[in-house]
Amino acid sequence: MAIEKMTMVSLVASQKDKRKILEKLILSERIHLDTTHDDLDNFITHEYESKISHIMEDYTLEETDELDIDNMSYTLERIASSLNISLEIDRNDNSYTLATANDELNKFILETEENIEKLRELENSHIELRYLENIVHSVKQKNIKFKMLTQLNNFGFQVGLLAHENTMQIRKNYENISAIVVKVGEVPDIKEDIYLVIYPNHLKQETKNILASVNWQKIRIPDEFLGDITQIEKHLHDKIEVYNKEIERLNTLVYKDINNKRQLLNRIYTRVQLEREILKLSNQVYHGNNVFVVRSWVPQKDVADLEKQISDITNKYVISNKPIEKTDEPPTILNNNKLFAPFEMIVKMYGLPSYHEIDPTPFLALSICLIFGIMFGDIGQGFLYFVAGSIVAKKNATAGGLLKRLAICSMLFGFFYGSLFGLEQHQLPWLPSILGGSPLDTDNIIPILVASVVVGVILLTLSYTVGIINSLRRSDIEHGIFGSHGVFGYIFYISLILLIASITGVIGISPIVFEISIIVALIVMVFKEPLTHLIENTRPLIKGDKGTYFVENGFEGLETVLSGLSNAISFIRVGAFALNHAGLFLAFLIMSEMTDNIILKIFILVLGNILILTLEGLVVFVQCLRLEYYEMFNKYFMGGGYAYNPIILGKEQEII
Amino acid sequence: MSEFVSYQALEAKIRARKRILLHPSEFRKLLELSNTNQILDYIFKKEAYKKFVDYSIKDMHRDDFEIVLEKAIVAEIEKMIGFMSGVYKDFFLCILQRYELHDLNLILRAVIKDELKDKISKYFIHSEKYSSIDFNKLLHARTIEEFTSLLKGSIYYATMISTNKDGILFREWHLEMKTSELYYSILIKKANKLDEADKKIATRLVGEKIDRLNIEWIYRAKKYYDVSNEEILIYSLGKGYKLSYTRMKNLCYTEDLEKFKLLANKYLNYTVFEANNDLLEKRLDKMLYEKSTKNASKIGNLLSYIVSLETIQEDIIAIIEGKRYDLPDIEIKKYLVSTSNI
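Line by line, the protein sequences are chains L and B.
Taking the working numbering, the leading residue of the first sequence gets 103, the next gets one more, and so forth.
Taking the working numbering, the leading residue of the second sequence gets 254, the next gets one more, and so forth.
Take these hints with a grain of salt, some might be off.
[Stated by the list, open to error] DSSO-like, lysine-lysine: derived pairs with alpha carbons at most 30 Å apart:
no.	chain 1	residue 1	chain 2	residue 2
1	B	Lys476	L	Lys310
2	L	Lys310	B	Lys502
3	B	Lys476	L	Lys306
4	L	Lys310	B	Lys492
5	L	Lys306	B	Lys366
6	L	Lys274	B	Lys390
7	B	Lys366	L	Lys285
8	L	Lys274	B	Lys476
9	L	Lys310	B	Lys298
10	L	Lys363	B	Lys446
11	L	Lys274	B	Lys495
12	L	Lys274	B	Lys475
13	B	Lys390	L	Lys220
14	L	Lys285	B	Lys446
15	L	Lys293	B	Lys475
16	B	Lys442	L	Lys274
17	L	Lys320	B	Lys446
Don't read these hints as lab results, they were simulated from the structure.
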């Protein structure tokens, strides 16, 4: 059994200790809150309350203000982003209250914010000045006297940027425009042109409207810089130099001991996040008059430890853990040993097993290794996969681990077939081989195909068995015994196989025996509902319309026949791929024999191996998944579970 | 396979979808129903609209069902895109972006007015499948500057950045006009990349849509807004089909509104302005509907499908609003675009 045992823990304690206890629970990272029991009504809460009322005393509740937390967290994020720090949860320090955190934060702001703000302001004006400098540089007409333009009495002027398509709009209708528009330069890197617009004062508003409608970007030249272009350039340059120095000075101030600052901010952040979680959890627990109740799923092995942690805080609490019943639906944690663990990924892709189900991982691991090995058996190629797996494992341990395990099986079967990078005993006589010769030798083809069907029969037998056990555990007789994946489904399937075996003369029993058992099994399956009701002693035997029932089940029977046939044949693919693996290489081998050039020969063989490693490897893996998911999982695996998802600080809770 | 559109598949698809969408031939049935709730029930039983209905809303307002219908159109275009690739896909993705524009305007208006934005997302119609913009982030924008910086990388960024804040506040519609100008110029550019035959059809249909928008804009601006002729011309969209730049200039500088109407009818070769009919918008829609649904072939078929979906949507709303205000059927029929004889 590789599904972790869970317990439903109900913790009742005084509301006075609520904050402390909730904090402890969150930090324990083991609480998977059970919110499915909305029916935990007042009655039960009161019952708990009466149980522990004798140890209650008067108290006043200290409530944290949600707004405070939001404000703090907003300020914190603002400061962190202005310092380029990404906030993280700091798990070291927990002896720390929100009030101190708030004080520290305020102190920090007092000390540093002024400088930070000044720095940001300077940086912004620096960027603006650089932009202005760039534009002034691009002005081609250097003789414009801006100072004199400002002194005009009846005319106003503006300098600004216009995009090309907008200048077209003005140019096409220039006869109606109320101003003089002169191009004075262009800014190549933003593909916009610089224009000087001069208009009579009484047409000011009209001109402004038109300019606004063509997305005119006015450039403001501060009065202090006014003069002719070269003067402006010089002024700007000087000012930028001054800014540069100031920015450098502030930078050293702001980023001094950045590590300490980061630590401090992380500590405050942790506390704020913790407070937030406490508030959230507090909204989810059940409240009585004086007590509160937390109901959560906890792994059984952690319960004692959790209780000890609570007992360190207070002695006014009651913990009860009730044994799990069939109707409960605890979350699932898969817990497999190192060998099988990577295969959990394949199971999870299909669905998590529910708590009461048998974890299919070990069976899946063994069977997928077996069939992958049979289909893709090669010492050399397996070894390359192993190397690839080791590399992948550094980035993604699960995927790498999976690849390594499959690779080992591939190598093992490589010894069985006697195959090294596709070369066999025919080419390399010293190669160890259990099979002897190539899988494609005429003596070997039929045995390999037959063996693969036998493997299929064994695997399916196991699948049926597990499925039947799972169904019976749920007391589901209809599916477990009479259904197409139940006992009679299995009888049908195995009779079909034996029928083929007896017709081909492999076994010496008359085919009639199996024909009869096939028919009996089919009839039982069609009548599964009335038979179940007969055993369970419920009436009526068939719910709903009888005609519909028989039509539906008749078709289901037909479907069973078809899927039984496909099940029986399906595993031949395992053998077929083993042959195909050898065959694909044979094609490249023959091609390489057509040339005498040794380099070309090696090139063709390497190319063949690369193709086999990539394309065929992928196809074989997909076939393995198909066999597992379609042929085997649907016999025994429901996958209706949900993941154990404890509250962990800094990790977003998944909503399922 | 890089530039591909499967007209056969699309035509078959569109024919099949007729069953689950509302068709103008059903309008008579809608008119026979006595109240708006019955009409909504009738429409929302149709597969295409059903999945967008939020049944938690008890009293559906115009906004609510308009959104359902819009979403159904977006879903139709999304489905069409599955049958094409390359420049065709680009072109239809661009058509989808118009709905994105609608949502952007919603958010922007809320930003300008500093309203709460938590209820806006309900009115979003953009295609979630094909959108390149993170609307959730945009919802958190507090200022126009923040809003602009979040649009970085999208086609709207250039327009947003070159529009100064004063311009946005000075005239609410300024930015809307500018973005739609950008949008249609991109759409025309994409249409020009299509195969020769399709390019001709697509630029014509988009051009006709532009004509329709321009006439409405110039007429309204002249009649209701205090805008100079120069600005009217600048805000008009380029690359129309019937309305060349000179024609538009003539229209903009026609001071007498009656002369304007005659000139517009002449240019468009369609009586948009009728003697005693002041439903300009409906007349324009009718023009566009008739022009785009007449002899549609190849890409025209798809575009006319979209136009007719939009027209049907407008008509449904007209029927429902008419019923809400207890107009007699004969009055309601005046507001219907897609069909005149039901």
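| query | Against the structure shown, which of the earlier numbered hints fail to hold, in ascending order? | reply | 6, 7, 9, 10, 14, 15, 17
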